[in-house]
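Engineer: So the chains spell out like this:
There are 2 protein chains.
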Amino acid sequence: MASPDPSLLSLNTATTRGKWGLAQAIEGCARHGLRGIAPWRDLLHEMGVDRAARAIRAHGLIVTGLCRGGMFPATTARQRRANIADNLRAVDEAHALGAQCLILVVGGLPKGSKDLAGARQQVKDGIAAILPYARKAGVPLAIEPLHPMQAADRACVNTLEQALDLCDALDARASGALGVAVDVYHVWWDPKLEAQIRRAGRKRIFAHHICDWLVPTTDLLLDRGMMGDGVIDLMKIRGWLERAGYRGFQEVEIFSAANWWKRDPDEVVRICKRRYRRCC
Amino acid sequence: MASPDPSLLSLNTATTRGKWGLAQAIEGCARHGLRGIAPWRDLLHEMGVDRAARAIRAHGLIVTGLCRGGMFPATTARQRRANIADNLRAVDEAHALGAQCLILVVGGLPKGSKDLAGARQQVKDGIAAILPYARKAGVPLAIEPLHPMQAADRACVNTLEQALDLCDALDARASGALGVAVDVYHVWWDPKLEAQIRRAGRKRIFAHHICDWLVPTTDLLLDRGMMGDGVIDLMKIRGWLERAGYRGFQEVEIFSAANWWKRDPDEVVRICKRRYRRCC
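Residue numbers (this note's numbering), protein chains in the order written: chain A, 7 to 286; chain B, 7 to 286.
Keep in mind that the hints were calculated from the coordinates and are not lab data. It is possible that some hints are incorrect.
Which copy is meant is left open, because identical chains are indistinguishable; a pair holds if it fits in one copy or across any two.
[To be verified] Taking lysine-lysine and the BS3-like style, the derived pairs with C-alpha atoms no more than 27 Å apart in a straight line are:
1. Lys198 to Lys142
2. Lys117 to Lys25
3. Lys198 to Lys209
4. Lys130 to Lys25
5. Lys120 to Lys242
6. Lys25 to Lys142
7. Lys198 to Lys130
8. Lys268 to Lys242
9. Lys117 to Lys198
10. Lys209 to Lys268
11. Lys279 to Lys142
12. Lys268 to Lys198
13. Lys142 to Lys120
14. Lys142 to Lys117
15. Lys117 to Lys242
16. Lys279 to Lys120
17. Lys242 to Lys130
18. Lys198 to Lys279
19. Lys117 to Lys209
20. Lys25 to Lys209
21. Lys142 to Lys268
22. Lys279 to Lys130
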């Protein structure tokens, strides 16, 4: 399989967390010739949205996604409204950055709850509540199915099929306002992955996140691997995405408390670039 | 919902691992009034199959499953043949114990491989290879879908739907020779769980394993919780199984290196019984 387009590599700031603030990550991308960046909102707030937007424009970077909206379920109606309000702010921020999408990590079970179906209904209601506002702002919402091991505490949307069922329910005509983010780490295991990527198609795939699944994996959240160090057939999944019509960025998002977060971020980015060419 | 039938609680020896050998577990079940037991093969081999079968019969216990066959995928044809041979021995052992089923933990990716589809094909071929022998021995084979976080290293069958697709392919008439084990820990997160339990029906559900999903979970294998300590709605899932026609045991299988494995097994069994009545 041909190497991926070198101009379509994006850096998610989770990859250099703890070492680089957003200003440094923007400069890092520019210095290493990366054209895409995906900020997390805590770093965005630290830098300030206006300042970040100016720096990103000044370097000609594309924001491949803003991380993140979502986290809809809550115990009380008041909390749910506060979550909705926060999502509307996230839409505004994504708009200010000209982001290609706002990533939705939808949230898990409210504290003390075992009502998974109820949480999923709250997610559906939450997305429905913010969709008109996001559509008006021109910010596509990307539902990111998270690995089932994060169903309780981070996201109760756990397969691409489930995410696409939500898209069908809330935006049946695939208007471009609602779609999915395909993060290989979360979905690589799914026996229906190829079929569901085909089902999603060009109109519903808004983002493609990469990293690798390590064997063994020592932490449910913070032990992701660099592309090529694990068992995910990244090229095969890229092939499926391309055949579905996806032509966008591959965004490197590596949560790695014990390894990559401890290294010099310039080295990390250099290795990302090399592995992207070789393994993705 | 009514409490579960107290005569339908079974102890999987994984729950008292490290403290009790099989002889002790058999005596423990008898002492605490449990009617079911599910041995792991390493403990069975330590005790000896004939001696174990006699002790189990002497106490009037029912073997709700033998753990485990499976582990089919391998790099070489020779290794795959050795795996098949081991599965045939497991069938013999299950027969000797009068086990209600042989649990199949099907195996993950061969070392160094990223070919998940290939591993899944090897699993299918492996089950097909042992099915006639198991059928003749009167030992039902129970495919256990494992949590997707164990797809790489333990089992590449990761949803009930996928397991049932295998059953449809290899035993289309649902003869009773091939079915599934529903372990709540592995499948609780699945948005299609209720529908797939309904699809499975009485003829294909051979086992029901219980424990709980802890928040947070600190290990991908050995941090399972006692029923009631986590977020799984155990009663709801039992209701789905009963509506599908399942009338068998609930088998407690708790891998818990840092907690339950360190406690006095008699205390563990007492708590299992109490939680079974209250939470399951």
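Engineer: Within a copy, between copies, both or neither: where do Lys120 and Lys242 come within 27 Å Cα-Cα?
Structural biologist: For Lys120 and Lys242, only the inter-copy Cα distance (10 Å) is at most 27 Å; the intra-copy one is 37 Å.
Engineer: For Lys198 vs Lys142, is the C-alpha pair at or below 27 Å within one copy, between two copies, both, or neither?
Structural biologist: neither (33 Å within a copy, 33 Å between copies)
Engineer: Since the copies are identical, ignore which copy is meant and state whether Lys142 and Lys117 lie within 27 Å (CA to CA) inside a copy, between copies, both or neither.
Structural biologist: neither (33 Å within a copy, 50 Å between copies)
Engineer: With 27 Å as the alpha-carbon cut-off, assign the pair Lys268 and Lys198 to within, between, both or neither.
Structural biologist: neither (36 Å within a copy, 40 Å between copies)
Engineer: Within, between, both or neither: how does the pair Lys142, Lys120 come out at a Cα-Cα threshold of 27 Å?
Structural biologist: Neither: 35 Å inside a chain and 43 Å across chains, both beyond 27 Å.
Engineer: Go through the copies and call it for Lys117 and Lys25: within, between, both or neither, with a Cα cutoff of 27 Å.
Structural biologist: So Lys117 and Lys25 fail the 27 Å test inside a copy (32 Å) and across (34 Å) alike.
Engineer: Quick one: Lys279 to Lys142, C-alpha cut-off 27 Å, is that within a copy, between copies, both, or neither?
Structural biologist: neither (36 Å within a copy, 56 Å between copies)
Engineer: Should Lys279 paired with Lys120 be assigned to within, between, both, or neither, using CA atoms and 27 Å as the limit?
Structural biologist: Close across copies (21 Å), not inside one copy (42 Å); limit 27 Å.
Engineer: Given identical chains, is Lys142 near Lys268, meaning Cα to Cα at most 27 Å, within a copy, between copies, both, or neither?
Structural biologist: Neither, since 41 Å and 57 Å both go past 27 Å.
Engineer: At most 27 Å between CA atoms: does that hold for Lys279 and Lys130 within a copy, between copies, both, or neither?
Structural biologist: Answer is neither; intra-copy 37 Å and inter-copy 38 Å both fail.
Engineer: Please sort Lys198 with Lys279 into within, between, both or neither, judging by C-alpha distance up to 27 Å.
Structural biologist: Neither, since 29 Å and 38 Å both go past 27 Å.
Engineer: Go through the copies and call it for Lys117 and Lys242: within, between, both or neither, with a Cα cutoff of 27 Å.
Structural biologist: Between. Shortest inter-copy distance 19 Å satisfies the 27 Å Cα cut-off; intra-copy 38 Å does not.
In summary, the structure is inconsistent with hints 1, 2, 4, 6, 8, 10, 11, 12, 13, 14, 18, 19, 20, 21, 22 from the numbered list given earlier, while agreeing with the others.
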